[in-house]
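Modelling step: build the complete structure from the supplied sequences, incorporating the hints.
Chains as they are written, first to last, in full-length UniProt numbering: chain A, 1 to 509; chain U, 1 to 509.
To be clear, the hints were calculated from the coordinates, so they are not data collected in a lab. Don't take every hint at face value.
[Said to hold, decoys possible] Below, a list of computed lysine to aspartate or glutamate pairs in the DMTMM-like style, where the Cα atoms sit at most 20 Å apart:
id	chain 1	residue 1	chain 2	residue 2
1	U	Lys210	U	Glu88
2	U	Lys403	U	Asp277
3	A	Lys365	U	Asp281
4	U	Lys403	A	Asp277
Protein chains: 2
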Amino acid sequence: MSERNSMMNKFGSGVAGSNLPPLDEDISLKKDSDKDDFWLHRRQPSTYIETLREAVGIRSISTWPDARNECLRMVQWTAAKLEELGFETELRKMGDQDMDGKSVPIPPIILATRGNDQYKKTLLIYGHLDVQPARQSDGWYTEPFCLTEDDGKLYGRGASDDKGPLLGWFHAIEAYIKTSIRIPINIKFVLETMLESGSEGLDDLMMNQKNQFLADVDLVAISDNYWLSRNQPCITYGLRGLCYFFVEVECGSKDLHSGVFGGAVREALPDLIWILDQLVDVDGNILIPGILDNVCPVLPEEEALYDGIDFDLEEFKADSGVKALRYPEDKRATLMARWRFPCLTLHGIQGAFGDPGAKTVIPRKVIGKFSIRLVPNQRPERIDKLVRDFLVQKWEERGSPNKFQCYMADDGLKPWCANPFHPSYKAARQATAWAYGRIPDMTREGGTLERLLLLQEITGKNVLLIPMGSCDDAAHTKNEKINMENYITGTKLFSAFIHEVGKLERSEL
Amino acid sequence: MSERNSMMNKFGSGVAGSNLPPLDEDISLKKDSDKDDFWLHRRQPSTYIETLREAVGIRSISTWPDARNECLRMVQWTAAKLEELGFETELRKMGDQDMDGKSVPIPPIILATRGNDQYKKTLLIYGHLDVQPARQSDGWYTEPFCLTEDDGKLYGRGASDDKGPLLGWFHAIEAYIKTSIRIPINIKFVLETMLESGSEGLDDLMMNQKNQFLADVDLVAISDNYWLSRNQPCITYGLRGLCYFFVEVECGSKDLHSGVFGGAVREALPDLIWILDQLVDVDGNILIPGILDNVCPVLPEEEALYDGIDFDLEEFKADSGVKALRYPEDKRATLMARWRFPCLTLHGIQGAFGDPGAKTVIPRKVIGKFSIRLVPNQRPERIDKLVRDFLVQKWEERGSPNKFQCYMADDGLKPWCANPFHPSYKAARQATAWAYGRIPDMTREGGTLERLLLLQEITGKNVLLIPMGSCDDAAHTKNEKINMENYITGTKLFSAFIHEVGKLERSEL
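As structure tokens, then:
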């Protein structure tokens with residue numbers, strides 16, 4: 001208890017309810033003797049690396065039907081590790097699924113619990129054990145499933161997404177145990193092995209566990225994203241939502257030869273091209289009336305958040321490989337365009353001729369695909385209506401005899417934005433400051449993390465994204481890696497976060 | 001000689017040079033006793049069908065590397081048949097080609113000659129022995145390589161494209177031999193087995209044979225197209241040309257995730273969509289200035305040609321399966337739009353997301369594909385320049401920082417239009433009238449036949465398209481067939497055509 005009180009004094013009271021003070025005024029860059037003692041007893045980095053080598057060596061690619069036994073092996077390996085750490089684990093069977101006409105088992109979801117003290121807060125950590133496909137022939141310099149150390153980097157599939165960060169949490173807990181320091185919170189894990197394959201079954205299980213496994217959760221942490229830059233740690237408090245649209249135009253019952261029919265029939269593709277051209281202008285501005293109506297205005301306090309962020313426009317441009325940025329001279333505008341304003345991207349057209357070479361086809365039915373990234377307070381159902389009303393009206397203007405329809409995929413995904421001034425975020429920033437010796441940036445991201453929204457809604461609690469990896473980890477492409485520094489210091493950060501969460505009042509969460 | 005003179009009297013002199021008289025005033029629907037005698041001795045249809053069964057049974061699919069031995073077998077089977085008919089045949093070796101990383105032999109081209117009489121005209125017949133791929137699982141009711149007779153139709157891959165028509169020519173020649181009637185002309189064949197695979201090697205061989213094998217050719221006939229309707233025979237005197245264009249827009253060096261980068265970068269696909277939308281209006285009119293400048297005006301005589309053509313708009317619409325025609329009430333406008341006016345078709349986009357489902361990609365480089373069908377006197381090089389100048393100017397208007405280029409595939413294909421009043425066409429019409437008891441329609445087609453232009457240019461002689469099959473033969477799709485009536489009466493037509501060509505003066509050709 002005294003620990004908590006002293007912590008409150010240090011942070012100053014009323015931070016959560018404050019009128020948005022500068023974020024970093026009360027974060028301590030000084031070492032905390034408890035935590036320092038703790039790290040004097042830490043295991044050698046080499047043992048951490050060996051554990052990661054074992055995990056990376058298991059080819060848990062959920063999108064390959066033939067690799068499901070490896071996914072299962074990964075689940076068993078992980079459950080054994082958790083049991084060694086004193087967790088009670090439960091492997092929830094998920095049944096089978098049909099893949100390419102073959103029935104394959106869905107790997108079980110691990111529900112693990114360590115500690116059941118009602119006076120302690122309970123931290124839930126969510127992660128995934130499956131990885132993206134990888135073959136050395138894709139252009140890897142090393143064998144993807146053989147962890148390879150080179151120049152301070154650990155190369156291997158899953159090293160950063162998401163095996164490395166998960167092992168970071170395991171090692172943080174292990175450090176408490178090995179140093180006989182009591183763990184100040186209860187910890188739970190939800191670990192799936194199907195994230196890269198649509199998280200089959202996870203939603204239902206979580207919904208069913210609302211009043212059981214998830215009932216006593218006070219805070220959720222996810223380490224499945226990346227720093228904004230290469231060298232500056234960050235804590236992430238927002239994600240954009242997503243509405244994905246399909247626009248279909250159909251001119252006939254079969255594809256036709258343009259030599260035989262060209263000139264005589266009313267073709268579908270020019271109609272689709274025309275209607276897709278109504279959506280954005282050359283500068284990327286969305287042309288759908290009312291689309292920005294519910295976007296939160298930028299407040300001065302928010303602007304200030306952007307100014308200190310470690311983000312280099314030229315480096316961003318070079319890394320992305322693009323010819324031009326929308327705001328070539330403006331770091332803040334570029335970050336806001338990625339994080340806190342909606343955007344519309346045209347993705348492509350299904351049913352038209354998309355292969356290399358020349359084919360003289362008149363496609364019978366073409367489906368344009370585009371998506372809009374949502375930000376607070378845009379709601380998918382309202383965006384859906386705005387877009388469809390607009391396109392239906394445009395279609396009437398077009399006056400084509402072809403068949404048109406437009407619809408949104410699923411229900412869309414809401415944007416997510418936490419309060420970066422919330423005590424749980426302060427705890428994460430304090431832990432980062434201690435581990436890295438510098439205050440992390442508070443960032444948002446432009447993408448989505450569907451399970452984050454799910455866990456937030458089911459638990460009703462705060463969710464934090466605490467990344468371990470760096471922006472150049474190449475999570476979904478060839479030569480995925482995690483920096484040794486991120487892997488080791490990230491582990492320190494997680495143990496410090498456990499310490500900091502232990503100091504929070506439950507009423508603040 | 002007397003034969004020739006009497007023929008000239010019957011046709012009336014000076015037809016070729018006449019001022020476009022109505023086409024059909026002097027075609028005789030009466031039987032010609034020579035040809036009647038000849039057909040009294042014809043073989044039974046069943047033997048013709050058996051020969052087609054053998055030919056269809058050989059799976060000469062040139063686009064499948066593993067079927068090249070079947071292509072070779074088809075060449076050998078055909079050469080043997082020609083030799084039985086008294087042809088001297090030569091199999092020209094064409095070397096190997098690389099397919100999917102595998103070296104496969106190109107089937108030899110058959111050059112065959114029957115007769116060497118300098119006082120006779122020489123007819124060259126061009127055809128192909130390879131067929132489109134087919135598997136029963138594609139939706140065939142019957143095994144595609146087992147000729148199946150049903151309700152007056154012969155189903156099988158190649159039955160109409162192009163094995164049936166070629167056998168028609170063989171059987172016509174055989175009938176002369178069996179009835180001991182002298183063949184009034186020299187006949188040559190050029191038969192390739194690579195048409196469906198780009199006619200590899202044919203151009204070079206033909207060019208090399210200009211002053212050898214092709215030197216004495218007086219007329220070229222090709223039976224590799226189809227009637228305009230189901231029941232009315234036709235002779236085809238025109239084809240459109242083709243310019244196929246690629247428009248590339250590139251915004252970066254790699255595909256990007258729209259969540260991470262959407263809103264911050266200048267995307268390529270909206271630029272491409274915009275520029276493709278500049279090409280045609282909603283009614284299918286081409287928006288490129290000057291594009292129609294060299295299109296021949298429609299003369300009254302030409303208009304008259306269209307009025308009598310057997311073509312039912314509703315049937316055409318139903319067969320094509322389209323929602324709407326450009327000229328729903330106008331048969332002549334519809335035919336002209338297919339045959340004698342240019343059109344522009346958008347085919348698709350390479351590099352964008354074209355698969356089913358949803359993918360949130362920002363494509364790094366997208367290539368739009370469209371083509372323009374050309375008619376006399378449009379020239380590919382001028383169309384190329386017009387299109388590129390137009391698109392470059394539009395791109396400047398767009399003002400995008402992305403990279404743009406536009407180019408035409410190869411050199412384009414010129415349109416082809418023969419004089420339908422030429423004596424060789426009159427001969428074909430006379431032969432059709434005799435075989436079918438009705439005067440054929442004079443048609444054009446909207447597609448291209450690259451080898452036709454080649455043979456016309458190399459020989460400098462008239463080329464005729466004399467189709468055997470009907471419009472619903474499904475040459476490139478499932479359930480290809482030829483009607484028994486077309487196969488048998490078409491064979492009669494070919495023998496009558498040989499007879500009629502025999503009557504022409506060389507000076508007319």
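Going through the hints against the structure:
no.: 1; hint: Lys210/U x Glu88/U; result: holds, 19 Å
no.: 2; hint: Lys403/U x Asp277/U; result: holds, 18 Å
no.: 3; hint: Lys365/A x Asp281/U; result: holds, 18 Å
no.: 4; hint: Lys403/U x Asp277/A; result: holds, 19 Å
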